[in-house]
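The listed protein sequences derive, respectively, from chains A, B and C. Take the first sequence: its letter number 154 is residue 154 in the working numbering, and every next letter is one higher. Take the second sequence: its letter number 189 is residue 189 in the working numbering, and every next letter is one higher. Take the third sequence: its letter number 76 is residue 76 in the working numbering, and every next letter is one higher.
None of these hints come from the bench; they were simulated from the model. Incorrect hints may appear among the rest.
As the list claims (entries may be wrong) - With a cut-off of at most 27 Å between alpha-carbon atoms, the simulated DSS-like pairs for lysine-lysine come out as follows:
| id | chain 1 | residue 1 | chain 2 | residue 2 |
| --- | --- | --- | --- | --- |
| 1 | A | 181 | A | 67 |
| 2 | B | 54 | A | 49 |
| 3 | A | 311 | B | 54 |
Unchecked claim - Derived coverage of chain A by chain B (criterion: at least 3 residues anywhere in the stretch with Cβ under 8 Å from a Cβ of chain B; other residues may be distant):
| id | segment |
| --- | --- |
| 4 | 241-251 |
| 5 | 307-315 |
If you're wondering where the values come from, they're calculated on a predicted model, not measured in any experiment. Glycine residues also receive a C-beta, built at the ideal position from the N, C-alpha and C atoms.
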Amino acid sequence: MNFRRPFNPSRRRFLTETARASLGLALFAGARTARSATAVNPFAYDVRKYETTDPKLIAYRQVTAFKCPLPDARRLCLVGTDRLAVAAGNKVALLDRTSGASSAEIPLNNPVRCVTEGPDGSLYAGLRDHVEVFDAQGKRRATWPGFAGRPWISSLAVNAEFAFIADAGNRVVYRCDLTGKAINHIGNRDRDRGIPGFVLPSPFLEVELHPDGLLRVTNPGRHLIEAYTFEGDRATAWGRPSMGIEGFSGCCNPVALAILPDGRFVTCEKGLPRVKVYSQLGEFESVVAGVESFPENAKVGSGEKPGDGVKASLDAVVDGQGRVFILDTVTGSIRVMVRNQAG
Amino acid sequence: MSHPAPNPSSVSRRQFLREGMRLAAMTGAGAFVGLSSGRTGAREHYVWQIDPTKCVYCGNCATACVLKPSAVKCVQAYEICGYCDLCTGYFVPEPNALNTGAENQVCPTAAIERKFIEDPYYEYNIIESRCIGCAKCVEGCTRFGNGSFYLQVRHDRCVNCNECSIARVCAGDAFRRVPASNPYFLKTSAH
Amino acid sequence: MRALFPRSLFPALMGLLAALAGAASEMRFPPPEFETDYTMPGITTPPPRSLAMEYVDTALLVTALGLAAWLVHRRRSRRGLVALSVFSLVYFGFIRTGCICPIGAPQNVALGMFDPGYTIPLTALAFFLVPLVFSLFWGRTFCAAVCPHGALQDLVLIKPVKVPLWIEQGLGIVPFIFLGLGIWLAATGTAFIICRYDAFIPLFRMNGSVFGLALGGIFLAAALFIGRPFCRFLCPYGALLRLGSIVSRKAVRITPDYCTQCRLCEHSCPFGAIREPVKLPVTPNALAPERRRLTWLILALPVLIAGGAWLGSKLSVAAAKMHPTVALAEQFLAGDKAPAPATALPTPETRALGRAAETAPELIAAASEVRRRLGIGGWWFGGWVGLVIGARLISLSLRPNRTDFEPDRGACYACGRCYLACPNERVRVGLITPAEAAALQAHAPVPRPDVKTS
């Protein structure tokens, strides 16, 4: 086009140019739409490669599974030699360990956050800010005083002398006598004693008694399992963050802990729901159940199910024969896992 | 029409038709106002918002909005944030190191600011001018963490289209109209 | 109704949702307690534009319309209209980014009429009705200087090209069809296509998809040479205003007093709206063939409407695909047999299909209800198209009754360009003397041979 002449396009010229330009633009726009219609979400948060487990690492198989009869199951514990107690909603349900048949229900006034059995057969139920004690028949024996601050009781462990109450809200484990009176605080941040303190983005602080006489407490925000004496001295700690199978995934794992009869550890994670076995020294050994065995749980927070990672978790307990009972809080099912013969 | 029309009867007929139709149109408009007065939102007007409980992080908010970048942004609900060192909304699934290196960040536009508060807590802020609303961090945070990152339509940017073009393609059907007086879904702590 | 119109207003539901949100927050775990004196920032919640500002918009609209009517009919000032156009372009266009505008408002009104769950915003109702009522009295004053779309096209028109009348008349029915389509799809909650294919909103926002900006660019480029291409050949609200303008109380008059038929104004209209005087036939018998043609066309009108309605009903299946619920239901039913492999990265489609799988019965029920309603609407839409075509044919066969050079009432945008083409007007405003006007009229172009004199 000669720009020296005044710009005076003929109608035909104008029409052809316009047609040409619009055809080009239409093709371009069409190509764009076609591309965007078939494209995958380029912004997906991709953890697919961690969602499958190497079969060689799986050392357990499922012998049975049953569903908790009550909704909102949160945690479970062993009762006697043949039963389980599940904290579910405002109740504690007592189930048969092999059939899942419900034998009793203990109603409470508020949501039960955790439950454990004492050596004398009494049941300790943790509510948001206090603990209630029941005898083996389900009759309330005592209601312990509540804790100050922002209590959020998440786990209990009881031996013949003491009750250990993990309070996720106050980021501390209380050692109490069996009347519920606190004797000392364990795990509070104390630089002089070398205690870094619990980091709990979500309410998963679990305390367990280990056969070696120490306590084991999860510290999910630091991806650690820590050992404490009853007096509150920090003895050891192990664990490292990793999405890989040998580490603890996400921002805050493990969420639950169980101890095998020989002192090894069973850990539960959320986000990538998986249950694994670690040696006494904290070396990864094997997988009890991988992410693929909790498909519903793994969907939470991934856009396929409503809710976020806080509401989806796993809990595990181990009985005297080494059987692992896994509670999936999303489906409310309890799986009974035994070690493979070969392993 | 200053000159006398050659066919006055025709003109008056058309004039009559015209007047009649105008009258009919006026009556229609009046009836219409009466009819719809009960249906108009005189006291409240409505704006688009995302229900975070239905959001599935499909990524369409980043691409479908009529505005580029999108009027949908990630927001941080500080009250439910864990202030994690290893934030799954900030870091890619397996970061090389917990630092602000671009290769470690989930956010494709580096719109999240990581600020040290005290050991071991970090504050995460959304730099809204950079955020494109892709929800990648939202998925990371919601899946592993507390879900303190979530998407919201920002009303200082949203032009409140008649038909929200993201709502049309929203995979979770999470868009709805909410009263303009209460235009955000807020995630807050129980305490 | 909830399932039918998943995106519409449900104030009661909102209350329920608020309650649910409260319930969810009960589950929340508190953030850490900081040792340092860190204070937690809050979520900022920038408010939407206030309702009061929308009332200001409405007041401005009414004022601008009134001013435009005064400028067109009383002041007869093209300059004033240009100034008002610039204001409208800046305020309603670039500041208010073309929203809310009356062009899309018929859709809100249609949805409000047919979906009891949707409340029409009061401002949308006002923006829909006020320019229409003005058009009943003063013609298309909205188009003249208030509509930002019109103002933009009008201001960039540098080299008008005359569009042949047959193209003008042919393409002129597109706005009516577009209006029918927009109402049909909006009333059934399917889509707001008038907004989606609006050419200039992306330009006003200076932001948007490539498609939207390209569409705007094409129309703007065309508007350099073709007067107001969007208004003439696409704008659905313009179709309504055209109807209002046809029966308006006042119409634009080129001459301030009397027409000397000097033909000087003939080419001053870039929109081809100025019509020549038509002389009556010498003998009344000459009208007979025209009358016969008109009778046939009037008789053919019901046939056209019926045929259109039947064709329209066939369209509804295709149109239903535009409804998100129907599209998802169809995709779900088609892809039911072959689910995507679980290891694939999720796409928006797979996520939506996942949701579909969970709510399949309600989704399919809702989709078939939408289809049913679109089917009924399809008959109406098709009938409307038939009516529009028939009415256009009839109007082309009507003998125009004009003694002077006059703008076509429907097609005139009241832009005021023709005023100063008239020597009488020039005399009126004092630009020339009556003698000079007479001289001008003497040198006026002679009547062309093709002028209708039959």
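We went through each hint and held it up to the structure:
For a cut-off of 27 Å, the pair hint linking residue 181 of chain A to residue 67 of chain A is broken: about 36 Å separates their Cα positions. Of the supplied pair hints, the one linking residue 54 of chain B and residue 49 of chain A holds, its CA atoms being roughly 26 Å apart against a limit of 27 Å. At most 27 Å may separate the alpha-carbon atoms for a hinted pair to count; residue 311 of chain A and residue 54 of chain B meet this at roughly 15 Å. Coverage of the segment 241-251 of chain A by chain B holds. Counting CB-CB distances below 8 Å, 7 residues qualify, and the rule asks for three or more.
Note: the segment 307-315 of chain A has 4 residues with beta-carbon separation from chain B under 8 Å; the three-residue rule is met and the coverage holds.
The earlier numbered hint that this structure contradicts is number 1, and it is the only one.
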